[in-house]
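S.K.: Throw the hints in and build the complete structure from the sequences for me.
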Amino acid sequence: MGLIITLIVGGVIGWLASIVMRTDAQQGIILNVVVGIVGAFLGNILGGMFGMGASLDAFSPVGLLWAFIGAVVLLGIINLVRRGSVR
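For reference, each letter of the sequence shown is one residue, going 0 to 86 in numbering that gives the first Met the number 0.
By construction, these hints were calculated from the structure, which means they are not laboratory data. As the structure is a computational prediction, the values presented were derived from the model and not from experiment. You can trust all of the hints, since none of them are fake.
What follows is a set of in silico ranges between Cβ atoms, one per label pair, in the way DEER data are often shown: (1) L79 to I3: 28 to 38 Å; (2) G27 to V80: 12 to 22 Å; (3) R82 to F58: 32 to 42 Å.
Don't be surprised by glycine CBs; every beta carbon is placed ideally from N, CA and C.
M.R.: Structure representation (structure tokens):
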């Protein structure tokens with residue numbers, strides 16, 4: 000059950016981040032899930048650097064916020080690599 004919830008929440012986080020970064024039309028549901036999950040790990044690392052990291056074993060609003068921030072950062076990095084500049 001935890002895997003299913005991770006995939007659903009990862010997809011929603013990735014989808015919201017792709018809307019913010021205006022890449023929603025370019026990615027499908029699979030890429031949204033991947034961006035959400037990888038972004039959550041990246042966000043947890045970033046949060047840990049600021050002393051505000053979330054625990055990966057418990058659900059928390061702070062964890063969702065850092066997952067969203069990590070997904071937006073990940074999409075920004077992908078845009079830099081793919082296009083050479085961020086729009």
